[in-house]
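Trainee: Here the protein sequences line up with chains V and G, keeping their order.
Each residue of the first sequence is one higher than the one before, counting from 1 in my numbering.
Each residue of the second sequence is one higher than the one before, counting from 1 in my numbering.
For the record, the hints were derived by calculation from the structure and aren't laboratory data.
All of these numbers come straight from a predicted model, not from anything done at the bench.
Do not rely on the hints blindly, as some may be mistaken.
Claimed, not checked - Here chain V is said to cover these stretches of chain G; the calculated rule only asks that three of the stretch's residues, wherever they fall, bring their Cβ under 8 Å from a Cβ of chain V:
no., segment
1, 49 to 59
2, 78 to 89
Stated by the list, open to error - If you want a taste of the chain G side facing chain V, the calculated C-beta under 7 Å gives, among others:
no., residue
3, His37
4, Ala104
5, Arg105
6, Ile107
7, Leu149
We put the beta carbon where it would ideally sit given N, CA and C, even for glycine.
Here is what each chain is made of, one letter per residue.
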Amino acid sequence: MSAHAARGADHPILSVRHLSKRFGRVQAVDDVSFDLFPGEVLGIVGESGSGKTTLLRAVAGQEAPDTGAVLYRDRWGGLVDLHALPEGRRRRLHRTDLGLVQQNPRDGLRMGVSAGANVGERLMALGHRHYGTIRQSAHDWLARVEVDPARLDDPPAQLSGGMQQRLQIARNLVSEPRLVFMDEPTGGLDVSVQARLLDLLRGLVGELGLAVVLVTHDLGVARLLAHRLMVMQAGRVVETGLTDQVLDDPQAAYSQLLVSSILPV
Amino acid sequence: MDADTPAAASEETMPRTADPGRLMIDVRGLSKTFTLHHQGGVRLAVLDATDLQVAGGECVVLRGPSGAGKSSLLRCLYGNYLAQSGTIQVRGADGWVDVASAPARRILELRRTHLGYVSQFLRAIPRVPAEQVVAQPAIDAGTPGDQALERARTALARLNIPENLWHLPPATFSGGEQQRVNVARAFARDFPILLLDEPTASLDAANRDVVVELVNAARDRGAAIVGIFHDSAVRAAVATRILDLPGKAEAA
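Bound conformation, chain G alone (with noise of 0.2 Å):
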């Protein structure tokens, strides 16, 4: 194997969606309101009627303060937050999809097919190997098992994640181990949309630069990648775009 060599193109066994200049998502009027019922009722609105529209082949930037909803942006975009208000329009297979109010089953289908997402930290499943974590989104988008473990090991590689650690779940690995194999499962893979929340806060300079380098390639090739990146050097580097959210005092 060499780990040098990023999978080919013509590997890829999903089709290739992704499609420079292409809208990809495109958000509107986005409210974002927590209501907290056990601390009396207390209501944090944190997005109010965010637009936010990115095409293949750009990297647009969430800047704000800590608490201005740039993670409950990406969130929302995932599903993983539900919306109050507005639509939430991702493209998939078979054209857009409303993130805000498809069924589970489309936003799995729309995640599994499109959606790469680094989130803050690592959600490993206990007892599964950190070559398998990484593997997992190409082998439930289809890839054969050995090709996406191959594709799984040159990622890990790229990152600098030794390989004796590949065969161990990655609950006992650092904070900065763990976090480079959550970036390697978003990029084992040629997602056409990234969602990235601070892949790089926990990583020295070398893998800084890697992730800065595979997010540029990511964007080369097409995909439409919306980003929280606390660094300004690494935003410099990255951004086509920046969105400032600029965050509300009475939400504190």
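Same shape as in the complex, but just chain V (with noise of 0.2 Å):
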């Protein structure tokens, strides 16, 4: 757990005011409420259709709710409903202030591009102009989430699909976000290389103090990465509480069923 875990901050970066949203006649995502603080990292965890991908859209501002409100506090200290915002400032505030990791890295990456542009592209959007500065951005970035910086000017298709992964977060940090989102970040790869990922975004999250809110529907990841967890099922949040309580102790009928189900190894 990260040594910044929500230290001395007093408001939350992220409040979720009675978010809901119906896919016809699905209601995905049914009247939920949470604050994250600073350095702090939210597991959402639940089954398949249990609503935590269509909360964490919304909450992300990549699909729009049906009501309630998604505030995010701003560096300083003013309160922002992502989904009022105007268009531009909303995608200037997802460039400087928010990450998303997305759980298929071609979703997230630009496949077009080197692995180096796919870094610099946040940082030249940010106005950075001078080529040196942001290819040496690139290749700091690409040592620091471990992916060898002579792929700078390889693209990403001809990267395996584990530092593919490393990329998009390198993508996204690059910038130094303070709220990250992410969705299934290990989802897709194979156990060794979800370990060695997993070892990676542990680390960045506590060095840099980073704010998560993270989905996913692996219990084990949830332990290891997320200091809370809210446990969902059919768009409600059926119980939340410390990560390890919930894990340990929990208290509703489904988490039980859902903690229990896990095969040991």
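Using the hints, build the complex out of the two chains.
Mentor: Put into structure tokens, the structure is as follows:
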């Protein structure tokens, strides 16, 4: 668990209020509210169809909710409703303050440009113009996420799945965001590759003091990365609490079922 | 490095909050019940209106038959188990924190600054070396990495973990070695409060004696300690007070 965990911060960086989203007859997210504090990693767990990914997409600004608000506290302490912002400001916020790491790196990377350009792009969008500095940053970040910087000019398609995922993480973190959304970041990877990525994420989240909303169906991943868990079932939050408390002493019937269904290794 | 010298008090970067005689833990009317929703809603009452007060410089040993709720009480104190009723006041950096009702981030903060916990089994993070596991609590408390590692190595050496294992993840260690890593982790920095769940369970006599020395040294510096020790000789060597948990026949 990170040294920065919730240190000294008394105002939430993110407040989600009464969020609901319906697809046809399915109430995917049903009146969900939560606060996230700086440096805190919130894990959202549940089975497929529990609404956790829809919730993340709505909170990350990818999908408009039917009702409810997603309030983000910016660097100057002002509260902005992510879904009420003009498009231009929201896009800018996504480049400066927010990050989104998707399960499939292909969804989060630009496959047509080099690995280095994928990392440098966010810096250019922020107004950095000096080619040498941007290339150096890209080089440093590749090294930091354990991708050989010699691959800087290779297109992402030539990298392995694990490397692509690490590249996506570098692309997100290069602009020093404050809040990062992660959707099953280790989902499509082999177990050994997964372990390495988890190590990397755990270290980076701690060092950078990031606030993270992490969606995962893998309770092992949740235990390793999250400070706090929210258990979702059928669009609703059925339980929330300290990660080890929810996993070791689950209260809700559904949480008990989830925890007891893990096969021992 | 001199492995036999315990870290000097002056190196401590955290404020020294341990204070002999000062009340550190105040549990009132604690009840803990497990409701097993998928076993027909069976309710197991483990703790019923339990009280516990522990001051700095005390080592309270929990005693009672298996199933009496000794581990559950420790886990409630650590916030790992959720109490059904009662208050669990623990003194933190900014005064009392009610672990039974505080938000998660307050409990994590309290753990980071005040609570050392030795669980019955080490939950090792894959691929993290033993010395890093042991150094982590001090790093989390703001001790510089190299200094924290230095202390971790001192603690590992004290607990007779061979030096060639320090760089390896503990997942492959024997049960006794893992338990000693677990103990080293809680004693590599001076926590004001220590919660010890059978720290000597799978140890040989020599290492058991080391743990007894560590516990007594912590008590002497003013730590408030709550522990479970099955070995009656160990109990006699560390306890300043015994709390009997009778256990309940109907809970079986």
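Trainee: Against chain V, run the beta carbon of Arg105(G) and see if the smallest gap drops under 7 Å.
Mentor: holds (3 Å)
Trainee: Under 7 Å, Cβ to Cβ, is where Ala104(G) needs to be relative to chain V, so tell me if that hint holds or is violated.
Mentor: It holds, given that the least Cβ distance between Ala104(G) and chain V is near 4 Å, below 7 Å.
Trainee: Does the nearest C-beta of chain V fall within a distance shorter than 7 Å of the C-beta of Ile107(G)?
Mentor: At 6 Å from the nearest chain V Cβ, Ile107(G) passes the 7 Å test, so the hint holds.
Trainee: How does the segment 49 to 59 of chain G fare against chain V when you require at least three residues with a CB closer than 8 Å, holds or violated?
Mentor: Coverage by chain V is violated for the segment 49 to 59 of chain G (0 residues, Cβ < 8 Å).
Trainee: The hint names His37(G) as touching chain V; please verify it with the least Cβ-Cβ distance against 7 Å.
Mentor: Holds. Min distance 4 Å.
Trainee: With a cut-off of 7 Å on the beta carbons, see whether Leu149(G) makes it to chain V.
Mentor: violated (15 Å)
Trainee: Please check whether the segment 78 to 89 of chain G has three or more residues whose CB lies within less than 8 Å of a CB on chain V.
Mentor: Holds: 4 residues of the segment 78 to 89 of chain G have a Cβ under 8 Å from chain V.
Of the numbered hints stated above, those contradicted by the structure are hints 1, 7, listed in ascending order.
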